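There are 2 protein chains.
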Amino acid sequence: MRDSLRSRFHFTPLPFTQVKVEDDFWAPRIAVNRERSLPAVYHQLKAGGRIDAFRLDWTPGTEPAPHIFWDSDVAKWVEGLSCDLALHPDPERAQLLGEVTSLIASAQQPDGYLNVHFTVVEPKGRWSNLRDAHELYCAGHLLEAALAHFRATGKRTLLEALLRYVGHIDSVFGREPGKKRGYCGHEEIELALLKLYRLTGDAAHLRLAQYFLEERGQEPNYFLREAAARGEAGPVRVPLDYYQAHLPIREHSEATGHAVRAMYLYTAMADLAREANDPALVAACGRLWESATLRRMYLTGGVGSSAHGERFTADYDLPNDTAYAETCAAIGLIFFAHRLLQRNCDGRYADVMERALYNGVLSGVSLDGERFFYENPLASNGSHHRQGWYNCACCPTNLVRLLPTVGGYAYSLSDGALAVHLYLQSEARLSLSDGLPLTVRQETRYPWEGSVRLTLTPAAPAEFTLRLRIPGWCRRYALAVNDTSVKARRQRGYACLTRTWQPGDAVTLDLAMPVESVEAHPGVRHDFGRLALQRGPLVYCLEDADHVVSVAQIALRPNAKLSPRFDPNLLGGVVMLEGVGQETDPARWEKALYLPRTRSRPRLTPLRAIPYCLWDNRAPGAMRVWLPRA
Amino acid sequence: MRDSLRSRFHFTPLPFTQVKVEDDFWAPRIAVNRERSLPAVYHQLKAGGRIDAFRLDWTPGTEPAPHIFWDSDVAKWVEGLSCDLALHPDPERAQLLGEVTSLIASAQQPDGYLNVHFTVVEPKGRWSNLRDAHELYCAGHLLEAALAHFRATGKRTLLEALLRYVGHIDSVFGREPGKKRGYCGHEEIELALLKLYRLTGDAAHLRLAQYFLEERGQEPNYFLREAAARGEAGPVRVPLDYYQAHLPIREHSEATGHAVRAMYLYTAMADLAREANDPALVAACGRLWESATLRRMYLTGGVGSSAHGERFTADYDLPNDTAYAETCAAIGLIFFAHRLLQRNCDGRYADVMERALYNGVLSGVSLDGERFFYENPLASNGSHHRQGWYNCACCPTNLVRLLPTVGGYAYSLSDGALAVHLYLQSEARLSLSDGLPLTVRQETRYPWEGSVRLTLTPAAPAEFTLRLRIPGWCRRYALAVNDTSVKARRQRGYACLTRTWQPGDAVTLDLAMPVESVEAHPGVRHDFGRLALQRGPLVYCLEDADHVVSVAQIALRPNAKLSPRFDPNLLGGVVMLEGVGQETDPARWEKALYLPRTRSRPRLTPLRAIPYCLWDNRAPGAMRVWLPRA
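Chains as they are written, first to last, in this note's numbering: chain A, 1 to 630; chain B, 1 to 630.
By construction, these hints were calculated from the structure, which means they are not laboratory data. Note that the structure is predicted; figures quoted are calculated from it, not measured. Each hint should be verified, as a subset may be incorrect.
Some residues of chain A that are not near chain B, with every Cβ distance over 10 Å (derived) [claimed, not checked]:
(1) His10
(2) Ala40
(3) His67
(4) Ser102
(5) Thr153
(6) Gly167
(7) Gln210
(8) Tyr374
(9) Ala480
(10) Gly621
Stretch by stretch, here's where chain B covers chain A in the computed footprint (C-beta under 8 Å, at least three residues) [stated by the list, open to error]:
(11) 288-301
(12) 550-558
(13) 580-594
Built from N, CA and C at the ideal position, the CB exists for glycine as well.
Please take these sequences and the hints and turn them into a complete structure.
Structure follows, in structure tokens:
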């Protein structure tokens, strides 16, 4: 086995296990994920029978029957607990993980097949409905779980089972005679196989991933042939672009269909583009990136604006109150951004990655770690709340596997360069390309303050380029080395300092972090004439909990000064924004539905904004991100 | 027969036949209605078989079968043509009208029953589904047609048939043993019977109207009993408030359900309230008025915001792009307002009447008179257009009967007073309460200009009070008698001048008519932070046809000066509003979905607004009434 990434790709992410996050923002959330979310999700999986389903003792007539995607829920929890265990060893949890992974492996069939639903509920249904049955999707999540479990514990129980399962899948699917020329309606297996290939270096794994990707959308369409073979009556219920199966992947140019599926596909495409060094695929990824992030993304990094089909719709169609913006889709956007970022370390990707991470993803989980958003709207009348669980539990399980790995999005390495993408108080231990150990210590109160002090401690003086991301939101910054101001070359959103670094060298980066009011592209009719508040990477929102008048009736004075103030007692300690907004005098409206502007008499009203990611942690009430101009 | 109105009610409207409209705004529309709309509607009714259906020669299996509400379409056209004929005699049309009314009368059954569908299609279905079958609704429209036909021509063919039909209905419905205790799911018969009563003075007609009104919503609910009797399976499909049948009428306090039905009911309630001089009913009308007009009405006078159920929803729920605001509902609101206005001549009612008439009703018909809106949204992406006809043709037929009668909304009389509600160049001939003839000539360019000169020519000097409406939109006015400035007592929105009027006395009223930007109640979230343009009674809108940049991307600078300018070549001659609005520089947005406000660089862009009632008469494109503040 080998790690092909560093040699083949320009940049390689530093694994999360090498970054010890010690800040006041993420570290408590990672701890809550460990102490509350992972146990809560386990409790739900256990109580709902999703774990015990792997015993294969379900009998027809018993309710609930193991659902087609239960395997993936358990797998994502296994992945999350594995990642967390890698950061924070715990013998008791290691044992539980051992038991669950053994149980999963025990469900494997003699031919290598491993899927609960199609073993006990529909044993004759295997591979007969790739479009809807999530079979390869579940396989992909089991594979990601196996890889995480192996990396965290060195144990091969689950990995060996999945290697056999992958072998079985390889024997079923492909272009060779006698094989099914299918692919999954919900992408996931592709990115999982590419992860596996990076571990094993086994060309068969790359080939299988490539097959699934390349076959997608080819004519004659597999889903249509498969539906006909099943004798499915009537017209096609769902258009092929819902599954991103309307065109071969190189011909895609618009982010389309079910947003989570799209993001997992694009992530795998980006992986394959680099493994295969394929310019046509790189170009397709570029088009899809621009479609998704320049025309179809919420300010929070949420994607997929419509609940109907959980999908992408049209350019600039970004309604706020009905925004779907599924947590999983924002997580998928982070995956896609992170892959593209490794190609040439372009800050555009890191900007979106950070936007989604700090806003539309983190909003997915409550401060107490026990309630989760599936949808992440940007406006609410007060009736949208996190829930403890969902029948379709993809979002909670995606969050518990993402949070332990946040540190893994902070750094990348290439020959002769270390890139810093995210700022967060932490200590990273890594080896430079020549093998020399290096410790990087970040001291910062980011995202509350914009000043960062990095202390570099190579084992010996070492020449390399330090690439420091200057976030897209930042318009003024200062840089110093050992307290001496320096000018740095700017390349694709990164300040680049090339020198021979001495142990203990300190770099300070001061990112000006004023409160900004932000506009959306005028094509976004839902936001036209409105402003949103942002400071640093954080999008802010107004909640009724902080206001006397409903936030649905507060306008923003464009030139109003809003002051950031850290309140250690608010929502675990946050920088809130304080100032005055505008409302109209309610007395004027007692007997009027419409009034001349000059008669409505605006008046000032206190305004307080909190980070969007923390909304709905207090009393229910209206919430707004985009406010009209006063 | 008698006309009870003047003696029993405080104010009596002057019939439209006594007001000769000679202005440049309404007169051409009335002429187009005569020359284009009435023939176009006739052509549709004829071509679609709706007129010939009265031959009763339909045989099962032939398509289309006469629909349950076809009778009403023909009836409303008969009413419209009758009213127009009363203004503008035309032997050829009188003959056509004679033929159609004879044909209708010929369809009457020996027992007096008169309904095509339930005579030829469902002969066993008579009165078995009052909730849905529109049977009494059709009877009401036939009755209104008969009254109009009689008033216009003196011919009794249709009126006699309808008197027999009313007698038959009276024998079927009521609280007496053996009668059905039902009422119609779509109100209309009630107001028609009250109109009939005002002509005949026959207490039986008043009693029947009163029965239908009072029985509505009583327990046990007739619609539920009737549905059970029909053996209708399953739960109730539609809530009772859709039919305004959830409560007895005196207990209603919110405008609810299907908006046209609600308006027709409230109109009849207002009629009955005055006939019966019933304070509880007056109070109910007052509550319903406030609910409808202070919390549930568009700026254009449109009501019923939801396409789902064509109905009222909740307070302040007034979405612009999905606004239903059915033309018929705005017409119904005019009826309701006009009835309440006669009670004590309160300008609040006239303000809403004028608002609906000049905006949300007139928008219903194209300038060429041949295309009609059913829905009247306040924002469009460019895909909403008038159509030549609808299967459910209530709106075109309602427009053709309203337009000839516009002059009838201008004046009311009471003992010792003449009230002027609407300003439009015209000549009215009337008799004062003592029988003295009076001619009132209005010279004005209203609604384009706010100055009005009234010349009063009584046959002899006469003392009475002239009540001149000071519209709610007007904040400054001047009044003169024979060119001498006078002060007038102000009462409920009217300037009152009591004196002995000499033949030829001239009153000039100068209403300041600046361009106003209007705000909506802050509870209307769809308009929050937005402004609309109004000048005089006219609501304005922006259309793409007048702009280089899409009007969906133009914001209004709150203090921008907009200049009214009459363009004789635009849309038949209109005062448009010209000025500059604000857009953002598109170059800034080529590679950005979100930008700090200070970077988006607004720039000025020419802005031109046209009266809302005239939108969609040119090239298709986006339209906006409410614009965000720049």
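Results for each hint:
The claim that His10(A) is not at the interface with chain B holds, since no C-beta of that chain comes within 10 Å of its own (minimum 23 Å). Non-interface status of Ala40(A) relative to chain B is upheld: no Cβ of that chain comes within 10 Å, the nearest being about 34 Å off. Non-interface call for His67(A) relative to chain B: holds, since the shortest CB-CB distance, roughly 30 Å, exceeds 10 Å. With 10 Å as the threshold on Cβ separation, the claim that Ser102(A) sits away from chain B holds: the shortest Cβ distance comes to roughly 47 Å.
Distance to chain B confirms Thr153(A) as a non-interface residue, since its nearest Cβ pair spans about 42 Å, more than 10 Å. Against the 10 Å criterion, Gly167(A) stays outside the reach of chain B, whose nearest CB is about 44 Å from its own CB. A cut-off of 10 Å between C-beta atoms confirms that Gln210(A) is not in contact with chain B; the least separation is 32 Å. With a cut of 10 Å on Cβ distances, Tyr374(A) stays outside the contact zone with chain B, its closest approach being about 24 Å.
A cut-off of 10 Å between C-beta atoms confirms that Ala480(A) is not in contact with chain B; the least separation is 26 Å. Distance check on Gly621(A): its Cβ is at least 14 Å (rounded) from any Cβ of chain B, clearing the 10 Å threshold; non-interface status holds. Under the rule that three or more residues need a Cβ within less than 8 Å of chain B, the assignment of the stretch 288-301 of chain A holds, with 5 such residues. Remark: the stretch 550-558 of chain A is confirmed as covered by chain B, as 4 of its residues place a Cβ nearer than 8 Å to a Cβ of that chain, reaching the required three.
Counting residues of the stretch 580-594 of chain A whose beta-carbon sits less than 8 Å from any beta-carbon of chain B gives 8, enough to reach three: the coverage restraint holds.
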